[in-house]
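Residue numbers (this note's numbering), protein chains in the order written: chain A, 1 to 547; chain B, 1 to 547.
None of these hints come from the bench; they were simulated from the model. Incorrect hints may have been included.
[As the list claims (entries may be wrong)] Which residues of chain A face chain B? A partial, calculated answer using Cβ under 10 Å:
#1 Gln29
#2 Phe226
#3 Val489
Backbone N, C-alpha and C define an ideal beta-carbon position, used for all residues, glycine too.
2 protein chains.
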Amino acid sequence: MPDNATAATPSAYAYPLLIKQLLHTPFVQAPNQEIVYRGQVRMTYTTLRERIARLANGLSRLGARHGSTVAVMDWDSHRYLECYFAVPMMGAVLQTVNVRLSPDEIAYTINHAGAEILFVHTDFLPLVESIKGQLETVREFVWIDEEGSEAETHSIPFAAEYEAMLAASSDHYDFPDFDENTRATTFYTTGTTGLPKGVYFSHRQLVLHTLTGMAALASPEAGQRFHRGDVYMPLTPMFHVHAWGMPYIATVLGVKQVYPGRYIPNRLVELVRDEGVTFSHCVSTVLHMMLGCEQARAADFSKWKIVIGGSALPHGLARAALERGIDIFAGYGMSETCPLLSLAQLPPGAEALDDEEQLRLRCTTGRPVPLVDLRIVNENMEEAARDGNAYGEIVVRAPWVTQGYLNNPEASVQLWGGGYLHTQDIATIDPTGNIQITDRLKDVIKSGGEWISSLEIESLISLYPGVSEVAVIGIKDEKWGERPVALVVLSEGFVVSEDDIKRHVLTFSESGRISKYAVPQIVKFVDSLEKTSVGKLNKKWLRAQFA
Amino acid sequence: MPDNATAATPSAYAYPLLIKQLLHTPFVQAPNQEIVYRGQVRMTYTTLRERIARLANGLSRLGARHGSTVAVMDWDSHRYLECYFAVPMMGAVLQTVNVRLSPDEIAYTINHAGAEILFVHTDFLPLVESIKGQLETVREFVWIDEEGSEAETHSIPFAAEYEAMLAASSDHYDFPDFDENTRATTFYTTGTTGLPKGVYFSHRQLVLHTLTGMAALASPEAGQRFHRGDVYMPLTPMFHVHAWGMPYIATVLGVKQVYPGRYIPNRLVELVRDEGVTFSHCVSTVLHMMLGCEQARAADFSKWKIVIGGSALPHGLARAALERGIDIFAGYGMSETCPLLSLAQLPPGAEALDDEEQLRLRCTTGRPVPLVDLRIVNENMEEAARDGNAYGEIVVRAPWVTQGYLNNPEASVQLWGGGYLHTQDIATIDPTGNIQITDRLKDVIKSGGEWISSLEIESLISLYPGVSEVAVIGIKDEKWGERPVALVVLSEGFVVSEDDIKRHVLTFSESGRISKYAVPQIVKFVDSLEKTSVGKLNKKWLRAQFA
Numbered sequence: 001m002p003d004n005a006t007a008a009t010p011s012a013y014a015y016p017l018l019i020k021q022l023l024h025t026p027f028v029q030a031p032n033q034e035i036v037y038r039g040q041v042r043m044t045y046t047t048l049r050e051r052i053a054r055l056a057n058g059l060s061r062l063g064a065r066h067g068s069t070v071a072v073m074d075w076d077s078h079r080y081l082e083c084y085f086a087v088p089m090m091g092a093v094l095q096t097v098n099v100r101l102s103p104d105e106i107a108y109t110i111n112h113a114g115a116e117i118l119f120v121h122t123d124f125l126p127l128v129e130s131i132k133g134q135l136e137t138v139r140e141f142v143w144i145d146e147e148g149s150e151a152e153t154h155s156i157p158f159a160a161e162y163e164a165m166l167a168a169s170s171d172h173y174d175f176p177d178f179d180e181n182t183r184a185t186t187f188y189t190t191g192t193t194g195l196p197k198g199v200y201f202s203h204r205q206l207v208l209h210t211l212t213g214m215a216a217l218a219s220p221e222a223g224q225r226f227h228r229g230d231v232y233m234p235l236t237p238m239f240h241v242h243a244w245g246m247p248y249i250a251t252v253l254g255v256k257q258v259y260p261g262r263y264i265p266n267r268l269v270e271l272v273r274d275e276g277v278t279f280s281h282c283v284s285t286v287l288h289m290m291l292g293c294e295q296a297r298a299a300d301f302s303k304w305k306i307v308i309g310g311s312a313l314p315h316g317l318a319r320a321a322l323e324r325g326i327d328i329f330a331g332y333g334m335s336e337t338c339p340l341l342s343l344a345q346l347p348p349g350a351e352a353l354d355d356e357e358q359l360r361l362r363c364t365t366g367r368p369v370p371l372v373d374l375r376i377v378n379e380n381m382e383e384a385a386r387d388g389n390a391y392g393e394i395v396v397r398a399p400w401v402t403q404g405y406l407n408n409p410e411a412s413v414q415l416w417g418g419g420y421l422h423t424q425d426i427a428t429i430d431p432t433g434n435i436q437i438t439d440r441l442k443d444v445i446k447s448g449g450e451w452i453s454s455l456e457i458e459s460l461i462s463l464y465p466g467v468s469e470v471a472v473i474g475i476k477d478e479k480w481g482e483r484p485v486a487l488v489v490l491s492e493g494f495v496v497s498e499d500d501i502k503r504h505v506l507t508f509s510e511s512g513r514i515s516k517y518a519v520p521q522i523v524k525f526v527d528s529l530e531k532t533s534v535g536k537l538n539k540k541w542l543r544a545q546f547a
Numbered sequence: 001m002p003d004n005a006t007a008a009t010p011s012a013y014a015y016p017l018l019i020k021q022l023l024h025t026p027f028v029q030a031p032n033q034e035i036v037y038r039g040q041v042r043m044t045y046t047t048l049r050e051r052i053a054r055l056a057n058g059l060s061r062l063g064a065r066h067g068s069t070v071a072v073m074d075w076d077s078h079r080y081l082e083c084y085f086a087v088p089m090m091g092a093v094l095q096t097v098n099v100r101l102s103p104d105e106i107a108y109t110i111n112h113a114g115a116e117i118l119f120v121h122t123d124f125l126p127l128v129e130s131i132k133g134q135l136e137t138v139r140e141f142v143w144i145d146e147e148g149s150e151a152e153t154h155s156i157p158f159a160a161e162y163e164a165m166l167a168a169s170s171d172h173y174d175f176p177d178f179d180e181n182t183r184a185t186t187f188y189t190t191g192t193t194g195l196p197k198g199v200y201f202s203h204r205q206l207v208l209h210t211l212t213g214m215a216a217l218a219s220p221e222a223g224q225r226f227h228r229g230d231v232y233m234p235l236t237p238m239f240h241v242h243a244w245g246m247p248y249i250a251t252v253l254g255v256k257q258v259y260p261g262r263y264i265p266n267r268l269v270e271l272v273r274d275e276g277v278t279f280s281h282c283v284s285t286v287l288h289m290m291l292g293c294e295q296a297r298a299a300d301f302s303k304w305k306i307v308i309g310g311s312a313l314p315h316g317l318a319r320a321a322l323e324r325g326i327d328i329f330a331g332y333g334m335s336e337t338c339p340l341l342s343l344a345q346l347p348p349g350a351e352a353l354d355d356e357e358q359l360r361l362r363c364t365t366g367r368p369v370p371l372v373d374l375r376i377v378n379e380n381m382e383e384a385a386r387d388g389n390a391y392g393e394i395v396v397r398a399p400w401v402t403q404g405y406l407n408n409p410e411a412s413v414q415l416w417g418g419g420y421l422h423t424q425d426i427a428t429i430d431p432t433g434n435i436q437i438t439d440r441l442k443d444v445i446k447s448g449g450e451w452i453s454s455l456e457i458e459s460l461i462s463l464y465p466g467v468s469e470v471a472v473i474g475i476k477d478e479k480w481g482e483r484p485v486a487l488v489v490l491s492e493g494f495v496v497s498e499d500d501i502k503r504h505v506l507t508f509s510e511s512g513r514i515s516k517y518a519v520p521q522i523v524k525f526v527d528s529l530e531k532t533s534v535g536k537l538n539k540k541w542l543r544a545q546f547a
């Protein structure tokens with residue numbers, strides 16, 4: 001009788017989940033499929049495989065070994081795709097440097113990650129020269145010189161140039177097996193306060209994220225799906241959460257891939273047109289810029305599918321995209337979650353719904369992808385009802401969420417609680433699993449035992465004639481915990497009273513849409529509202545000001 | 001500077017790949033989706049979740065614990081689906097009893113697996129009564145009495161009846177976390193010689209098989225795909241390789257599922273029609289029977305997709321299916337591989353191919369699914385060229401292949417070699433990754449350093465006028481290793497000489513289709529050819545006879 005209580009022992013035949021294992025099928029099934037860079041460089045998947053091996057050999061010569069960190073400063077390119085595979089496949093860690101940080105922050109992240117080798121695109125030479133003296137761990141610099149420029153003015157002692165290094169290296173490399181929990185990638189989040197924090201993902205996590213993302217994106221009944229016949233172009237930077245992990249999915253699917261270099265709206269639209277792009281992902285701002293650019297006027301977007309993430313998908317943008325024939329839908333995740341948690345794909349039978357309901361569904365936070373254990377909970381980790389009304393903070397378990405911040409145990413502790421990663425997002429879930437984020441935890445107002453969404457009250461007040469801008473914040477209250485206060489900027493020429501606003505909000509309370517606690521205690525008229533550097537309401541500042 | 005060489009340590013937040021994790025999304029996204037049994041029992045996914053918990057509670061009361069084995073003898077049913085989840089989710093092992101084995105073999109497998117609890121459908125009562133005395137490990141019997149019958153005649157001391165047990169149990173059960181390498185399922189292969197051998201799969205393996213199968217099946221450009229809008233009905237028994245793992249995939253997709261009970265062709269066709277079934281999988285024989293039954297004449301199969309596995313998909317059956325509007329394609333795998341290894345889905349752009357080429361592609365062995373490292377090799381594990389001509393044995397690595405036979409180290413050793421599982425199938429691979437199995441390793445003829453496919457030579461000889469049946473076997477030869485011998489049965493009234501056959505085969509050698517070594521050394525005319533009990537050529541017997 002067998003000893004079933006013992007787990008099946010991992011044997012010599014155990015199969016670790018390594019990024020190299022993602023490459024078995026694409027090079028077999030789509031060997032002649034194209035990878036295109038800016039419409040100028042074209043290569044096949046067979047060439048990609050060779051270049052991955054060349055890059056690994058080149059890096060080995062520069063001293064990269066298992067556990068080394070290789071940092072990259074490049075635009076979205078086939079080179080970046082090569083790094084996504086070659087660096088982790090040799091057992092090293094790929095640091096995708098966030099080139100939008102300040103020079104000091106960039107130096108900090110490279111030092112903090114302990115990068116030994118730094119790839120620098122010509123466009124970032126001045127920046128790297130300015131921080132060279134601060135870099136403590138970089139031993140070797142590799143120049144990415146796609147223009148054949150001389151870069152005479154630079155003073156960086158480059159060990160190699162990217163293409164020359166590949167040309168001089170063998171196209172064969174025996175990528176070894178190792179522990180699937182080995183760190184594969186790292187990058188830094190842009191916190192609004194404090195130093196950037198590093199998140200990191202293992203081979204196992206990236207393989208599972210790829211498979212599940214592939215399964216979730218391919219399985220809708222019709223539309224909104226990423227499949228083998230698509231042409232893929234990322235529109236979220238490759239330095240940011242591995243471009244949402246999509247280049248890994250695209251490669252396993254064996255689709256044509258298009259990398260656009262630096263984001264210039266007219267050029268992006270030309271690439272969609274000229275290369276026949278059918279699947280992309282971006283933040284709202286990028287799509288908004290693209291739809292508004294000159295080249296967009298005559299462009300045919302009717303075969304283009306786009307996942308929007310990073311923040312809520314505005315109904316207005318979604319409607320504008322749908323009018324241009326774009327199959328648009330929202331996705332949800334964060335840097336700490338690799339990122340994919342949920343997708344707002346239409347469920348089977350949705351073609352029978354009216355246009356407004358379809359639009360609403362496309363703009364929700366979506367439904368969890370497989371393996372994601374997503375709940376909305378109160379402070380005691382008790383689940384809120386899934387009735388579309390009850391609020392809670394989104395907490396998640398998934399095989400691909402970061403287990404903490406790199407060398408930052410204090411911040412890591414705050415990220416986790418009760419065995420779940422805490423997203424700080426407040427949401428409802430309806431009975432069919434649709435999540436709707438209503439607020440950030442730090443902005444939600446807790447009054448009389450209820451959670452009031454500051455965003456929802458702002459949205460209602462903004463409907464009142466003459467209201468130009470509004471911020472709703474919570475102020476401490478002995479009896480109720482917190483009470484909502486509305487700060488309102490009126491348009492010129494309007495006369496509105498505090499009672500007008502309160503009565504207006506009260507009607508929504510009477511109709512049952514919002515709690516009676518949501519009616520602002522105080523409505524204060526102000527000349528302007530403090531914003532952050534990226535144009536969002538600075539609620540932290542406002543709360544301090546009106547405490 | 002971080003210690004990157006150290007793997008990211010699995011922490012308290014590690015997420016084991018457990019079968020329970022497959023259930024997060026379906027009950028959220030499709031709570032009211034239907035599961036149907038024989039058109040008679042209907043329940044929702046929400047009810048399924050409750051019944052899984054009830055079953056686990058019922059089994060706990062019967063003493064099942066982590067490491068126990070629970071064996072099931074049932075037809076394809078919602079009950080079996082409940083067992084697929086509840087038994088492994090509590091940490092126990094599900095043995096799916098192969099009810100087609102002989103009574104003695106069934107008793108052997110139950111004892112060998114060490115099953116403590118045995119579920120018995122009323123139809124199997126006589127069988128279980130006949131072997132009751134042989135069962136060494138079963139402590140408790142559970143009766144599956146769907147007819148409300150009294151089964152008065154039986155002498156088995158049932159501890160419970162399935163439905164009564166569920167009704168008496170709580171619908172809440174806290175399924176624990178445990179090591180993902182814990183054994184989840186076991187079943188026995190029907191070897192042609194010797195005792196049945198047990199294969200077994202862990203939670204990790206089944207989760208990875210589910211995700212990858214889901215991704216592979218959903219991602220074709222058009223057609224041949226299993227997606228959220230489908231209605232699923234298995235047509236390979238649930239006791240055999242978990243019905244190819246498809247019920248797990250169907251559940252994660254959240255589709256309507258239809259379980260047919262015992263396979264009766266007319267009833268199966270009625271279920272396809274009445275329940276709107278759109279996705280199934282079976283061996284050729286089952287589809288052949290269904291297409292030939294009375295109910296099939298007027299049936300509309302135009303929305304039905306079918307994967308055919310178990311053995312090669314005959315062109316004739318594929319053509320007949322296509323003529324009825326069925327979207328048919330082959331899959332490849334074996335009991336030892338969980339089973340999915342490859343799928344013969346049409347590649348993007350295939351709609352431009354002519355019908356015959358599409359038919360050919362649908363009938364190939366297919367292309368590997370993601371994560372499957374599949375090679376064709378010679379005896380020294382050297383890879384054969386992927387040119388569509390060179391032969392080799394298919395060897396595989398994949399995260400879900402069994403690591404050996406249960407408590408059978410000798411057979412396990414034979415299964416593996418050079419780090420790969422050896423399938424005993426001989427195949428070619430063309431430059432676009434299409435595998436074509438040409439023979440079984442034990443039947444291939446090794447002559448003059450080349451591998452000759454006995455199946456291919458048989459196929460060529462069968463084209464010669466008057467040839468009714470033919471078997472090609474290898475006989476030992478001092479100079480060449482082996483030489484092919486053809487055993488030919490002629491149709492009545494035909495006069496054919498040995499030279500006629502040799503010259504016929506030689507023409508294919510001259511045209512380059514086959515090697516010159518493939519021309520039979522001897523052609524022997526016989527009255528009949530020995531067959532196995534399932535009607536296949538008994539080449540083992542023939543080789544011994546003509547050695």
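Which of the numbered hints above does this structure break? 3
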